[in-house]
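Whole structure, please, built from the sequences with the hints as guidance.
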Amino acid sequence: MEITPATIGLQQPRANGLIWRAGLVLTALIVALPVIVIGSSLFTPYSATWGHILDTVLVDYLLNSLILMLGVGAGTLLLGVVTAWLCATCDFAGRKVLGWALLLPMAMPAYIIAYTYTGLLDFSGPVQSSLRSWFDWSYGDYVFPEIRSLGGAICMLSLVLYPYVYLISRVAFANQSGAALEAARSLGAGRWTTFFRVALPMARPAIVAGLSLALMETLADYGTVDYFGVSTFTTGIFRTWYGLGELNTAAQLAAFLLLFVFVLMAVERASRRRMQFHTTSGRSSTKRSTLRGANAMLATGFCILIVALGFLVPAMQLLSWATSSWRTALDSQFLHLLLNSFTLASIASLVCLLLALFLGYGKRRYPGATQTGSVRVAAMGYAVPGTVIAVGVLIPFGAIDNRVDALAQTLFGVSTGLLLSGTVAALVFAYVVRFLSVSLQTVESGLNRIKPSLDEAARSLGSSNGRVLRDIHLPLLRGSLLTALLLVFVDVLKELPTTLILRPFNFNTLAVRTYELASDERLADAALPALAIVIIGLLPVILLMRNLDKGSANNV
Amino acid sequence: MSDQLKLDMVQVHYGELVAVHDVSLSLQRGEIGCLLGPSGCGKTSLLRAIAGFEPIAAGNITVDDQLLASETFSTPAEYRKIGMVFQDFALFPHLTIEANIAFGLRHLTPLKQRDRIRELLGLVGLPKVGGKFPHEISGGQQQRIALARALAPEPQLLLLDEPFSGLDEELRTSLAAEIRQLLKAQGVTALLVTHDQHEAFAMADQIALMNEGRLIQSGSGEILYQSPASPFAAGFIGEGSLISVDPAADNALQLLLTGATDLPTSTEFQVLLRPEHLVYDRSGIPLPIVQRHYRGSHYLYELALDDGQQLKCVVELCIELNPGASLPVRLTTEQLIFFTSTGSPSH
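First to last, the sequence lines map onto chains A and B.
For the first sequence, the working numbering begins at 1 and goes up steadily by one.
For the second sequence, the working numbering begins at 557 and goes up steadily by one.
Please note: incorrect hints may appear among the correct ones.
If you only want the chain B side, here are some residues facing chain A, beta carbon under 7 angstroms, derived [as the list claims (entries may be wrong)]:
#: 1; residue: E634
#: 2; residue: A646
#: 3; residue: A655
Simulated pairs of lysine-lysine, DSS-like, Cα-Cα distance not exceeding 25 angstroms [as the list claims (entries may be wrong)]:
#: 4; chain 1: B; residue 1: K740; chain 2: B; residue 2: K562
#: 5; chain 1: A; residue 1: K451; chain 2: B; residue 2: K637
#: 6; chain 1: B; residue 1: K637; chain 2: B; residue 2: K668
#: 7; chain 1: B; residue 1: K668; chain 2: B; residue 2: K688
#: 8; chain 1: B; residue 1: K688; chain 2: A; residue 2: K451
#: 9; chain 1: B; residue 1: K562; chain 2: B; residue 2: K668
Partial chain A-side listing against chain B, Cβ under 8 angstroms, derived [to be verified]:
#: 10; residue: R239
#: 11; residue: N448
#: 12; residue: G479
To be clear, the hints were calculated from the coordinates, so they are not data collected in a lab.
In this text, a Cβ means the ideal position worked out from N, Cα and C, and glycines have one as well.
Written as structure tokens, this is what we have:
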């Protein structure tokens with residue numbers, strides 16, 4: 001037998017898989033570090049302040065957070081389910097345009113819509129001024145609801161968070177087997193009975209999954225409740241750290257908030273599992289029924305109203321403020337803000353993408369329970385509020401800085417100061433913890449679409465692993481990779497509390513500047529950075545609209 | 557040595573699980589072989605081991621007198637010069653049909669690539685689809701393109717993994733015959749994996765029947781049907797019933813079998829009775845009817861024996877009897893296949 005290059009290729013050493021597995025576990029642990037730190041703070045000594053908090057404000061935090069969740073839950077359900085049902089199963093004037101326009105409020109961060117409506121609705125705002133001039137009222141003649149309240153916060157959050165419910169339940173309604181609904185009709189159930197007894201229960205897992213995402217965002221919100229002066233867990237954590245300087249107590253508060261989050265995560269995961277059983281093969285999808293007369297006008301009117309309140313009105317207001325203030329606001333400082341925000345967002349989205357590729361390929365090439373578990377742990381951050389992550393980053397980074405400093409002082413007699421805390425590195429790390437799941441999800445779904453048989457086909461046609469990556473994987477993944485970059489980029493740009501807590505001294509971003517100006521009641525000046533955030537926030541929404549159309553092309 | 561493919565005591569393991577156990581096989585140049593067996597019998601694992609996607613734990617794989625894999629080494633798939641048609645076709649979705657076929661032709665100049673592509677598209681009868689993308693052509697066309705792509709680099713061996721399972725029944729049989737003709741005309745040595753015996757019969761010169769990781773029997777389709785080597789082969793190939801017989805008993809079955817020669821007289825055994833082994837005869841042994849199935853050109857009767865075992869018998873349409881009545885039958889042959897408890901087959 002002759003020895004040729006073909007006969008000397010040795011089997012791949014098994015150690016390769018071990019390295020990948022160790023890498024995956026290590027990555028997951030590092031990403032989970034802030035959550036672990038926060039969780040373990042429950043077992044550290046409780047300071048005197050804790051007793052004070054327990055006696056005075058903790059009940060407030062608890063009650064306000066709960067009422068907020070209940071209110072936003074009810075609001076997003078009402079707005080999300082009704083619009084989803086209308087757009088998925090009925091036909092009325094403007095349905096197609098409204099179908100995607102209903103996603104627009106996703107581009108509007110809650111804290112920005114809160115500033116805008118405050119400017120619109122407070123005493124000197126255009127609404128009350130017009131009312132006074134039309135009816136010739138003056139101060140005290142009339143009762144106008146106060147926007148800066150718990151109720152106001154519920155309205156603001158519901159208006160921008162309902163798309164989570166809308167998006168996922170619209171797909172569920174559209175994919176419901178038309179046969180099941182027709183069976184109900186043939187068994188004598190009327191239109192409404194069919195909706196409440198068949199369609200709604202069948203879509204319930206999807207609705208609950210969307211709802212838990214909306215509630216996670218509610219718990220994570222800091223900007224709105226802070227601006228409206230509502231004391232919740234997030235504002236409490238902030239106050240305890242900034243006002244009282246008690247990092248450990250802040251961490252313990254954060255741990256309580258984390259308990260809520262874990263409940264929501266469990267609910268979301270369970271309902272996603274059940275969704276698999278409730279979605280039937282979309283072979284016979286629901287037939288749209290055409291609405292007529294008053295019903296059709298009501299449907300169109302309702303959808304227009306929601307799009308207007310959730311996006312058009314605040315966007316117009318921002319635009320009008322920005323046109324009046326841009327001459328002063330558009331200065332070198334603004335360009336600096338843009339540069340800071342873009343740099344941060346670019347670095348974070350790149351790091352997220354690289355990690356997601358590492359995790360995704362590790363899981364694909366060496367499947368196993370350890371790998372799946374690691375990827376799941378690494379993807380946990382999407383549910384954890386930015387405030388919690390920020391505190392969870394501050395504590396270990398501070399500890400590392402102190403150790404290094406002490407070591408350097410004893411060894412070399414020099415102080416290294418703060419190496420990690422208060423640097424861009426700490427901030428980027430926190431972003432990665434929070435948003436890795438976003439890129440991971442996109443990369444994984446992209447990888448899942450590349451069937452292993454494609455790799456094998458390429459190899460049986462003589463291409464090396466390198467060529468498989470370059471000629472098969474890269475072109476097929478390109479879209480997913482760009483999407484992953486974009487989604488994280490925009491999320492980082494919008495993220496407020498993490499940036500507020502961890503940013504280096506005097507380092508401003510668009511979100512932070514918007515927050516600062518609005519807090520100083522310079523609403524018109526805040527409009528330009530706010531508008532920039534909203535416009536960039538539209539990019540992923542457009543992406544979502546395109547996917548929605550592709551996904552339900554057969555029933556649009 | 558004219559064996560194009562030679563497997564020698566090959567084993568494939570997945571951790572503790574032995575998926576393929578000591579399989580030896582050979583295929584001559586230009587022959588079409590088939591690995592046939594129920595799902596989970598190890599046939600796909602063996603095919604993937606030949607392609608180079610799974611390492612083997614023992615034995616040798618030799619193609620064209622060149623050792624490709626053994627216990628200690630494995631030639632990477634890309635150096636094996638073995639073409640493969642995948643169950644899901646695995647056409648590259650982002651490449652046109654032409655680019656798909658050209659994927660394995662990088663060693664040729666662009667001009668020669670174009671000639672080869674044109675030649676292959678003509679060969680599979682789809683000269684006009686070159687510029688399209690895989691999702692723009694039908695399932696049957698995708699199948700042919702997958703074949704053309706695998707044949708393009710002129711592999712020493714072509715593997716086909718359940719090549720017709722993704723297609724509907726009608727297309728399956730016509731395509732199987734067509735592809736066999738094509739492979740034969742090109743002189744391609746091919747090995748096919750399937751669980752469908754009709755596909756195996758339609759495509760293959762040599763069939764290797766596998767079960768639970770082991771090779772049960774290999775040979776032509778006729779041999780497997782007419783002389784099954786084990787109760788499993790008898791049950792898997794063709795339609796028929798394995799009937800347990802106690803020579804000491806005195807019942808209708810004994811009466812029915814009196815015409816057969818060479819059956820054991822002292823030990824219990826199993827006898828293979830295919831529907832064509834029984835025929836309606838007014839003076840035959842009456843057996844109670846359990847079910848009557850209408851098969852278009854004839855009826856298939858299911859008949860019961862005293863102890864509840866069932867037989868099948870094909871009868872002309874003019875004999876129309878209802879369940880509960882009896883159908884008189886006799887044997888059509890004296891040569892029956894039987895297996896004693898030791899499992900050794902005999903005539």
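Quick rundown of the hints versus the structure:
At a threshold of 7 angstroms, the smallest CB-CB gap from E634 of chain B to chain A is about 5 angstroms, leaving the interface hint in force. Below 7 angstroms, beta-carbon pairs count as interface contacts, and A646 of chain B has one with chain A at about 4 angstroms; its hint therefore holds. A distance limit of 7 angstroms between C-beta atoms decides the matter here; for A655 of chain B the minimum to chain A is near 10 angstroms, and the interface restraint is violated. Between K740 of chain B and K562 of chain B, the direct Cα distance comes to roughly 20 angstroms. Compliance with the 25 angstroms bound is thereby established for this hinted pair.
For the suggested pair K451 of chain A and K637 of chain B, the alpha carbons sit about 22 angstroms apart, so the restraint of at most 25 angstroms is met. Between the alpha carbons of K637 of chain B and K668 of chain B the distance comes to roughly 19 angstroms, so the proposed pair stays at or under 25 angstroms and holds. For the suggested pair K668 of chain B and K688 of chain B, the alpha carbons sit about 20 angstroms apart, so the restraint of at most 25 angstroms is met. With a C-alpha separation of about 21 angstroms, the suggested pair K688 of chain B and K451 of chain A falls inside the 25 angstroms cut-off, and the hint holds.
Taking the CA atoms of K562 of chain B and K668 of chain B, the gap is about 32 angstroms. The hint is violated against a cut of 25 angstroms. Taken as an interface hint, R239 of chain A does not check out: its beta carbon lies about 54 angstroms from the nearest beta carbon of chain B, beyond 8 angstroms. The restraint placing N448 of chain A at the interface with chain B is violated, with a minimum CB-CB distance near 14 angstroms, outside the 8 angstroms limit. Hint on G479 of chain A is violated. Least Cβ distance to chain B is approximately 10 angstroms, over the 8 angstroms limit.
When each numbered hint is compared with the structure, violations occur for hints 3, 9, 10, 11, 12.
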